[in-house]
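These protein sequence lines are chains H and C, in that order. Position in the first sequence counted from 1, then plus 519, gives you the numbering used here. Position in the second sequence counted from 1, then plus 519, gives you the numbering used here.
Take the hints with a grain of salt, since some may be wrong.
Cβ-to-Cβ under 7 angstroms is the rule here; a few derived chain C residues that face chain H [what the hints assert, rightly or not]:
#1 A521
#2 V533
#3 Y543
#4 I544
#5 L547
#6 F557
Rather than coming from a laboratory, the hints here were simulated on the basis of the structure. These numbers come from a predicted model, not from an experiment. Beta carbons: idealized from backbone N, C-alpha and C, even for Gly.
There are 2 protein chains.
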Amino acid sequence: MAIVKPYRDVPSEVVTDSEAKATYIRWLIGKKEGAPNFAMRLFEVEPGGYTPFHEHPWEHEVFVLEGKGKLVLEKEEIPFEKEYFIFVPPDEKHQFKNTGNSRLRFLCIIPLKD
Amino acid sequence: MAIVKPYRDVPSEVVTDSEAKATYIRWLIGKKEGAPNFAMRLFEVEPGGYTPFHEHPWEHEVFVLEGKGKLVLEKEEIPFEKEYFIFVPPDEKHQFKNTGNSRLRFLCIIPLKD
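I would like the entire structure built from these sequences, with the hints used as guidance.
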């Protein structure tokens with residue numbers, strides 16, 4: 520069945536990974552909603568916060584909704600802001616950091632594993 | 520290689536489907552960019568415009584960036600606006616219509632076929 524909802528109706532959960540700071544996630548569309556192939560999550564990162572600097576064998580497709588940040592990779596750091604899109608290939612070490620004075624908000628889509 | 524870009528750097532193409540009206544697409548992330556599993560597109564629909572009323576065996580995961588519209592299904596129409604997310608399951612007939620006075624802009628992610 521089709522789903523049409525404001526994103527704020529989906530609860531926000533703290534990202535409990537010990538290497539993350541001030542980062543929250545909302546699982547908008549995933550297995551529970553009937554998604555067969557990939558999941559849409561919305562991240563919120565407070566000023567000074569960041570996601571873990573980690574790698575995994577799946578990609579990220581990201582769209583920045585609000586705020587400013589940088590993508591930290593092993594050999595470079597790339598700034599981004601609202602309305603940028605970001606592709607992180609599988610197995611590339613990466614981190615998203617809020618470098619602004621307000622909330623950073625982005626969508627991050629990942630494949631669903633079996 | 521990671522990609523970090525403003526979405527406006529990606530050219531906008533007219534959706535030439537004869538059942539679409541005043542609809543434009545930007546392919547942000549797809550096979551060419553190295554995406555292995557799914558593609559991120561950004562649609563822009565002018566006031567009065569719409570996507571084709573059609574169905575296909577793959578799902579849509581959508582996030583509304585700007586504007587107002589409705590999702591037309593076979594038996595109902597569901598209004599949405601900025602910051603709504605939408606899931607359209609495979610094989611469900613659907614159409615996105617701009618019902619506002621300004622541009623409707625949304626992301627639409629689909630699986631990549633082999």
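Hints and how they fare:
The criterion of a C-beta within 7 angstroms of any C-beta in chain H is met by A521(C), whose closest approach is roughly 5 angstroms, and the hint holds. With 7 angstroms as the threshold, the beta carbon of V533(C) stays out of range of chain H, its nearest partner Cβ sitting at about 21 angstroms, so the hint is violated. For Y543(C), the suggested interface contact is broken, since its CB lies about 16 angstroms from the closest CB of chain H, more than 7 angstroms. Violation of the interface hint for I544(C) is found here, the shortest Cβ-Cβ separation to chain H being roughly 14 angstroms, above the 7 angstroms cut-off.
At about 5 angstroms, the closest approach between the beta carbon of L547(C) and any beta carbon in chain H falls short of 7 angstroms, and the interface hint on this residue holds. Annotation: interface hint on F557(C) holds; nearest CB of chain H at approximately 5 angstroms, less than 7 angstroms.
In the structure shown, a violation is registered for the earlier hints numbered 2, 3 and 4, in ascending order.
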